[in-house]
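Asker: Produce the complete structure using the sequences and hints provided.
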Amino acid sequence: MPEIIIRNLKKVFGDLVAIDSLDLTVKDGEYLTILGPTGAGKTTLLRLIAGLEKQTSGSIHIDGKCVDELPPEDRMVTFLSQTYSLFPHMNAWQNTIFGPIARGWDSEKVDIIGREMLEMVHLYDRKDALPHELSGGMQQRNALARALCADARILLLDEPLRALDARLRLDLRHELKKLVKDMGMTAIHVTHDQEEALTISDRIIMLRDGKIIQSGTPQEMFNKPASPFIHHFIGEANFMEGTLTGKTGTGSRLTGESGRTYDIAATNLEVGAKAVAGIKTEFTIMEKEAKDGVNDFPGTVERKLFLGRFTDFEIALDNGHVVHARLPSSIAHKFDEGDKINVHFDPERLLVFPVPEKGLKAELEMM
Amino acid sequence: MSLAKRIESVLSRKGTVKAWYGIVILFFLVMVIIPTLFVLSYAITDWNNIQSDIFTTPPEPTPQLIILESGNTKLAFHTYDIIDITIYNQLGVVIDSPGTVRLNYTVFENTDDSVKTYFSKGDELPSGNYNIPILANSTHNEINHVGTVTQNVTMRDASGNYLDSWEGPLYLRAGSARPMDLIWDAMKVSFVIATIVTIIDFIAGLPMAWLMVRKNFRGKKYLDTLIDMPLAIPTAALGFSTALFWAVTPKIPGAGLGLTSSPFILIILLHIVFSYPYMVRSLAAILHEIDINYEVAAQTLGAPPLTVARTITLPLFRAGLVTGIILCFSRSLSETGGTVAALAMLTPWLSDMAYPMQTGPTLIGAWKHAGGFEPQLAFTAMLLVLISLALLVVVKIVIMKFKLPLRKVMPGPERLLSKGAVPKLKDALAMIFMVLVLLIPSFFIFSFVFTGEPAPVDWGTFWLSMGFSFLVAGVITLLNILFGVPLAILIVRGKNKMLSNILDVLVNMPLIVPTAALGVSLGMFWNSMSIEMALFLVISAHLAFTFPLVVRNVAGALEELDPTYEETARTLGAKPMFVFKKIMYPSIKFSILAGAIMAFTRSLGETGATLAVVKDANTVPVYIVGLVKVGSYYPAALACIVLIAITFITMMVMRYITRKAER
Amino acid sequence: MPEIELRNISKRFGKVVAADQINLHIKEGEYVTVLGPSGCGKTTLVKILSGIWEPTKGDCFIDGKKVTGIPTYERDLGYIFQNIALFPHMTVWQNANYAPIVKDWDHEKGEKVTRESLELVNMLRRKGFKPFELSGGEKQKVGIARALCSGSKLLILDEPLSALDARVRLELRYEIKRLVKERGLTAIHVTHDQEEAMSTSDRIVLMRKGRIVEVDTPQNLYNKPKNLFTANFIGEANFIEGSITECGTGEVAECRTGPLSECGADECIAEIRHKHRLVLKNPGGIFKMGDGVVIMARPENLSISVNEKENAIKGRIIDKIFMGSYMRYRVKLATQDTVQVEVPEADDKIFNIDESVNVIFRPKKLLVYPRPRQGLKEVLSLE
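Residue numbers (this note's numbering), protein chains in the order written: chain A, 6 to 372; chain B, 1376 to 2038; chain C, 9 to 391.
Derived coverage of chain C by chain B (criterion: at least 3 residues anywhere in the stretch with Cβ under 8 Å from a Cβ of chain B; other residues may be distant):
| # | segment |
| --- | --- |
| 1 | 71-81 |
| 2 | 86-100 |
| 3 | 105-119 |
Hint data in this document are derived by calculation from the structure and do not stem from the laboratory.
Note that the structure is a prediction, hence the values are computed from the model and not measured.
The beta-carbon is built from N, C-alpha and C at its ideal position, and this holds for glycine as well.
Answerer: Right, here's the structure in full:
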């Protein structure tokens, strides 16, 4: 069964540590996404697994077999770039049967399996078309048929949807996952798009500076981020900095510099410790009527941005803090720019983190 | 597993691949690089020879009485320095020496009613080389050794007919120049010409490149082909054709425009013809790569086209400029056959040692032809190699450091110049330049077939040399493909970046080193191994200077080819050999073909290296130059045309195949 | 003050028609986005407006002045590029300062404008950097500052965010909108990203195959698209084909374009596959009995229940997708149509795959369109 086990993997390019002592196990049939900003080492990791780069140290096992010394063609792993690398001078049929031909299978078998695969992705009637004559979706299907035909059980996808139009991407990501699952393949998908990662994966690995900083299901990554960076990268978040000043019934209390206090979720941090609390903009509640309860802050709607399904708000709190909120558009019409409103943070959703080493601002730097 | 698969798997083994690359690198080093640079070792092993033969001033010669008699063709002259005095067909008196002779004597012409003095009696001649041909159009030519007896020599009557006889002895005191001075003069001439040619190429080539890349117009496709035309013509033929068009050609007056009798101007005009296409191509290539959005961005910010060109495009241009400059410069520096042909057309009565102007390569050719000048040859070749390599570095540094003034903006004038008639005029001038300086001189040779006086052609010798040329070109093309393609793959896709970079630099070297110098070096290398077979020497010389062509072409195509295709193929289960066959080869096959054809035609047209490596090789261009030198223009023209036709057909076939494949 | 008008613009490249008789009027100070799939002609439009290309037919007017034939550098506009196109041999400062220099402004004025523009995008601190030392987002900020320095009131944004990472994209689009509004610029923004278009613009021009499909505010295009392609392109949607089997008795509304829900008539009933029926509120009078229709519903306007509900169709959940603050279910209906339904996570009832459910179609939230002659698939196609 194709299971990938990576132990203590390290890759150094000159002075740059691209992958740093990385451990990872990918289960059979899993759809794993590697998420991270540009330069995190995502693509390098894929290339190491495929055998296109040689690691500086550490080992990779596929199917219980060490593949460190195996050339790419013997690893039974298929690497697909952004554009799927369909060979431009070959038609859909020739592309599909490339693997079997390369491995020298007998031609009858090749014909049968090639046809079966192309029919499976509904491309048999376009088998004479060259890649550029196929639409984006067809190219994706052709590439998957080719991979399966080559007997690869593991797919490595390097930003497979990046080159597509935004709207088309939404459709094709569902189709991609469905095909991969239908074909029973294991997939590792690299992306910098958090929404894509959330919606397509069984499990997400968050990579930063060559290290895995969190791994988990989309729900875990979204609801229980391990650091402010992840909190802000997967969905957007508002942050408050301060000192832990006490415990509440179920959680803790944070006091900011200007003396305002927040009730926040439970934490292991000691009272007196510096901390950062963050809440996703989706869970930042806007209310028409003024309130004076716990975690209630009056403010003014500065900007309103319609996004379709959702509407984003930028709110200047009277205490000088600027926060963002995201509401379903169906209720967003209640608020307009200039409105005086009340902002409420649910203590349960206000997650706590220790203050990052380089400071909050550097931690959240995306560019 | 089928047999083919089994072979493929063996070939794909790491060991096999490594061994193959090893052989390729070895071949490259032994056949190309080491022989090319071998001449440098001469400075160490034979320094004494250089010292004694080149840097030492020869002793003053004693005056000699030479008695010229009708019908004599050659007179031995027994001083140390002067080799012989040759009378060609009673055309004139020619003093042959290692290069030209530096003489102190007076020349004047005594007609019936006046005395026309060329060099006054008692004058010190300005330093330089003076070949004193017996001048035309006079009844009496008198050559006076300063302060000695005058003797009448009758050469040609007023209507230009050559006379059969003359009277009496001729006194000369001749001393040859120091070989070092000859070499130095030739170097100066070579570099000055190359510099001027490159500058003109750049000025005239830039608007043309701009036109080709940034503008769309009808007939652009044809213009594209026209620019390359001169490349299809062997330079020997170009030299002949260009001289015919521009120069005063004493043997066939009135054949062309007859505008100049200056060898300097003629050679510049000639060198422009075959270097201009390289400049336009390099500039166009880099222009193509500069994202047009930079220019558009500047325009949206309010910069008129001229300002955009000056502040945005030109500064981004440098890399291409370096390539263009180096290509043009080294082509001009390297050219031999055409230059010799043109010089021979200007002064048909002179032998190749005696041309009033010599370039480095022609000097090498003449010395090699005369035989026995090994230290001189080696030293000249060495200088050419070193200077051209140094040049490579200097040009790169200078161009990259050079800053265009950005802050100085002349919006008013530049705006004005960007509009209306000025840009159109610029385009028109670029076109006129191309037609007048490139195309017409290149093809003027065809007119000669109709206007020239027919003469019998020795077709036997011609076809023999043709066969020799084709054999050489064929063999080197095959070797180029066999070893050039793997080397290109190694350079572009090699895992060891250091090795790749070093190979990349080395591979360009034979492209920069003048071919005559390369020939000298190669000849010495193989002679030192006691290999003196003419065919082998010519093949190895041609291999060395054509090798970069295939490698460069294929490497260029490989750089364009996205490596993810190969990587994907590997992960789909393809062995390296299979990847090469199915993925890489289909994408680079036309570049291989293009490189091969370039190598083939360059080999067919090469004179300098051939002359320098073996004394009497028998390739077509050498044959043509030989015919031009002895004044057999008609056969030379026919031979040129046949050679052009064959080269042309080869190129057209290539174009046809590539175009078809692109569709 | 820039006011833009495109009159009857057509552009052909050989046989390809990139723009086909485009008419468009943009008011002063308006932020208009030209949206559409790749190859729809949206970039052609702004290239013609900025004078980089000449139209085959038609004219552009800036401030009522015909600009056809006037070269780009005299059109006075700021242009922001997809590939950013910062001059690689110049520093951040020199890039931004380029327009003042070539326009030969007074030295002090030029310096002042450059400083202000760079400060505005918070890049003054990087003024000595060369472009290759900047990240993608920073580069585009300088690109924006450079365009602002031209002093023009008209800003053209040609896919300014496409080359950037998803997250950086989000941050920059707010930045751009803020700058445009603060400076009172007229902006034309080209993109293929519907969310980007909705979040930045006052009005969206949706294009397809060289023609304008629909022009309206983001809210109207999302909530009341007049066209099936619009409905699909601007946000995801479910489409179900059917035909009218019962008409209400209300008045026949005079509404010949757009969805029927805009017409103030009575309800009617459509029959969809396998004899299922849906009640449609406010169908207009242009439908007669037996007319083919396409019913459109956004995923957030459908809901799921395990219990039988009115106007609901049975189905089976085939997939569920976590979307952060909500869940999306894919349900295979008994009609064989697959629909997507979004459920706020706050609805604590979590459904499971293979569970049988009822998908509720709230009549008021359904939009109805005549069934297109060339087929639904063709009309919706994104490529």
